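Asker: For the protein sequence lines, the chains are A and B, in the order given.
Take 1 as the starting number for the first sequence in the numbering used here and just add one per residue.
Take 1001 as the starting number for the second sequence in the numbering used here and just add one per residue.
Read the hints as simulated data drawn from the structure, not as lab findings.
Fair warning: this is a prediction, and the values are worked out from it, not measured in the lab.
Each hint should be verified, as a subset may be incorrect.
Below 30 angstroms or equal to it, Euclidean Cα-Cα: the simulated DSSO-like pairs (lysine-lysine) are [stated by the list, open to error]:
id, chain 1, residue 1, chain 2, residue 2
1, B, LYS1317, B, LYS1226
2, B, LYS1065, A, LYS178
3, B, LYS1020, A, LYS178
4, B, LYS1297, B, LYS1317
5, B, LYS1167, B, LYS1317
6, B, LYS1065, B, LYS1020
Which residues of chain B face chain A? A few of them, derived with a C-beta cut under 8 angstroms, are [as the list claims (entries may be wrong)]:
id, residue
7, ALA1054
8, SER1068
9, ILE1070
10, PRO1072
11, GLU1073
12, THR1079
13, PHE1081
14, SER1083
15, PHE1087
16, HIS1089
17, PHE1098
18, PRO1099
19, ARG1105
20, ALA1107
21, LEU1111
22, TYR1307
Each residue gets a CB set at the ideal place from its N, CA and C atoms; glycine is no exception.
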Amino acid sequence: MRAFSFWPKGFLQCFLKGDRLTRWLVTLPPSLFLVIFFLLPSLIMVAASFREPGEFGGLAPLAERGLTLEAYRFLAEDIIYLWILAKSFLVAGLTTLFCLLLAFPVALLIARSPKRQRDFLVLLVILPFASNFLIRIYAWIMILGPMNLLYSPVAVILGMVYVHLPFMVLPLYTNLEKHDPALLEAAQDLGAGAWTRFWRITFPLSLPGVFSGAALVFIPVLGMFAVPELLGGTGDILIGNLIKEQFLDNRDWPLGASLSLGLTAAVLGVAALSAVLTRRRTGKLGAGT
Amino acid sequence: MALLELRNITKRFGRLEAVKEVSLAIEAGEFFTLLGPSGCGKTTILRMIAGFDAPDEGELFLDGKPLSGIAPEKRPVHTVFQSYALFPHLTVAGNIAFPLEMIGRPADEILQRVRETLELVHLEDKGSAFPHELSGGQKQRVALARGLVNKPRVLLLDEPLGALDAKLRERMQGELVALQREVGVTFVFVTHAQQEALALSHRIAVMNAGRVEQLDVPEVLYSSPKNRFVADFIGNINVLNCLVAESSPHGLRLNVEGLGEIAAPAHPEIAAGTHGVLALRPEYLRVGPATVQASLKNRFLGTVSEYLFLGDETVYKILLDNGTVLEALVANAAPGRARFHDIGERVQVEWRHDAGVFLLA
Ligand SMILES: Nc1ncnc2c1ncn2[C@@H]1O[C@H](COP(=O)(O)OP(=O)(O)OP(=O)(O)O)[C@@H](O)[C@H]1O
Ligand SMILES: [Mg+2]
């Protein structure tokens, strides 16, 4: 008796053999999803950035007002936007750095604890996600308020680091856990002290994890507006807040769209850089992570 | 004074005694081997010499100075790990340079010595390759080069040839002996392959369940095993149960059940009436047609029941008339004739009176 199969007979064989039609059928749904929910909105954004704002938000009718470079001209005229973008990069960079400094010991500790405890420790790292994001930020308001740190750049970076720390810990841990402990013994045997073993063996081998963790922290921090809004002062506006303001408060969609495109371009630049760096390392490592 | 000395070393893991009161003295320039079955404590001893584990009892001495409290990175002792443990992110040259960088040699000297060491292990053209680009034998040589490059007092080798196929293994054995002779570094070599141990070592410590059973040069271990374990573990051996009928300065007279009397070499500590075994190496047995006149005292008749043709030699299994089976190793020396005897053929087996060794059961 032939077992019931969800797939038509020979489907898998066709797929594995690279039958054109089947491959098409399999890749179509995800491709469609990406086209509809990523490419299309992005194109709408591009289009919106060349339109004029409507009187009460939204966009003015295309037939009446046509296309314009007004939004870009506006951005180009005021150096403040570039300054805010630079500041956002600085905050994202600092957040990534602090996350790395905090996450490395944690990840190393988890990776070197007994196997049975590791899953539990990883669970502890992601446990904060179980409670609502806003509630956790409000908790920080209550902590920082009495300490007179609220509404300062320090509070913004603290909040950013807090929110993104697990995104750094997890890829680092995944990488560190795979290290062969014999390598450290070999290094020690050949005369390397604890510090040297870390810098000559553990750290270089962990670089792929460092790069993916850095990307997972850096990019979301750039777009984040809730943390600076709730913990930062009025002077601490970042690019994320600026974009959000254009859409929700100023009702200037074209300006918001052009700002957003600028940010996307910057993020893609960073992602490309990270990918190149990672490839260079893993290329050397062969089967590295 | 011995270069490296282990004095009454005992090591426990929980309730398991992995190493029991082991004492060894290893001389400078020696190729010393720890031989024993899996789990007998060989790696544990190496780890204590390297400094990764501390003995529970006893003390280790290098050049007469106690090693306890000296961290592994401070000991002039290097290890070649069974898994090689090459650094995957460094090139072959980078791996070999590592121990030199650790002791802070200047860059041009490092370059020079890395080049010399690569030559020593015949890898001149592989300096810029990464470990994953090498074959098993090449990785093995890089691991050796890395361990030898800054001339440690002792090089520990934990089954370094275990991962290689038979042919390559044989070649590496030859290279290892040549290398050790050339650099003059003391080797402490671990293996569970007795042939490898016999072929390579100056001296061998045969281990069993955490103890050293016998320590001697290969020839003596082979021809005069001290007990059943060593006799069984090293080479093939025939074992005959027997009772000592007479013990005199001229020799032993042994009574083997069903066979009759056998002459064996004198053994001053053995008294008549002792039960034991006579251990006989297969190559000490002479096999010939049953019709030929006997020349030796220890002579028995039997039938060939099985043989194993090895090319240069043949192992015959001979069923003696009393039911005992003996293995005999015979060289196939006659041209134009691959083997001497066939299954079912009547043969006689004989051996010199000093060929066997009497061991307590
Ligand atoms: N870290 C450890 N914890 C507990 N038991 C251990 C540990 N290391 C070794 N043992 C035990 O000690 C005994 C000796 O181990 P060891 O590794 O020295 O054997 P070995 O002679 O090297 O064997 P093999 O030829 O299989 O490598 C074994 O029974 C092993 O299970
Ligand atoms: Mg071992």
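Asker: Hint by hint, note whether the structure agrees.
Answerer: Going through the hints against the structure:
1. LYS1317/B / LYS1226/B: Cα-Cα ~26 angstroms, so holds.
2. LYS1065/B / LYS178/A: violated (39 angstroms)
3. LYS1020/B / LYS178/A: violated (35 angstroms)
4. LYS1297/B / LYS1317/B: It holds: about 21 angstroms lies between the C-alpha atoms, which stays within 30 angstroms.
5. LYS1167/B / LYS1317/B: holds (28 angstroms)
6. LYS1065/B / LYS1020/B: Status holds; Cα separation ~22 angstroms.
7. ALA1054: Violated, because the Cβ-Cβ distance from ALA1054/B to chain A comes to roughly 15 angstroms (cut-off 8 angstroms).
8. SER1068: violated (17 angstroms)
9. ILE1070: violated (12 angstroms)
10. PRO1072: OK, holds: PRO1072/B within 8 angstroms of chain A, min 5 angstroms.
11. GLU1073: holds (5 angstroms)
12. THR1079: holds (5 angstroms)
13. PHE1081: holds (6 angstroms)
14. SER1083: holds (6 angstroms)
15. PHE1087: Status holds, d = 6 angstroms.
16. HIS1089: holds (5 angstroms)
17. PHE1098: For PHE1098/B, the interface hint holds, since the closest Cβ of chain A sits about 6 angstroms away, which is under 8 angstroms.
18. PRO1099: PRO1099/B check passes; min Cβ-Cβ to chain A is 4 angstroms, inside 8 angstroms.
19. ARG1105: ARG1105/B check fails; min Cβ-Cβ to chain A is 11 angstroms, beyond 8 angstroms.
20. ALA1107: ALA1107/B check fails; min Cβ-Cβ to chain A is 16 angstroms, beyond 8 angstroms.
21. LEU1111: violated (18 angstroms)
22. TYR1307: Since the shortest Cβ distance to chain A is 45 angstroms, the answer is violated.
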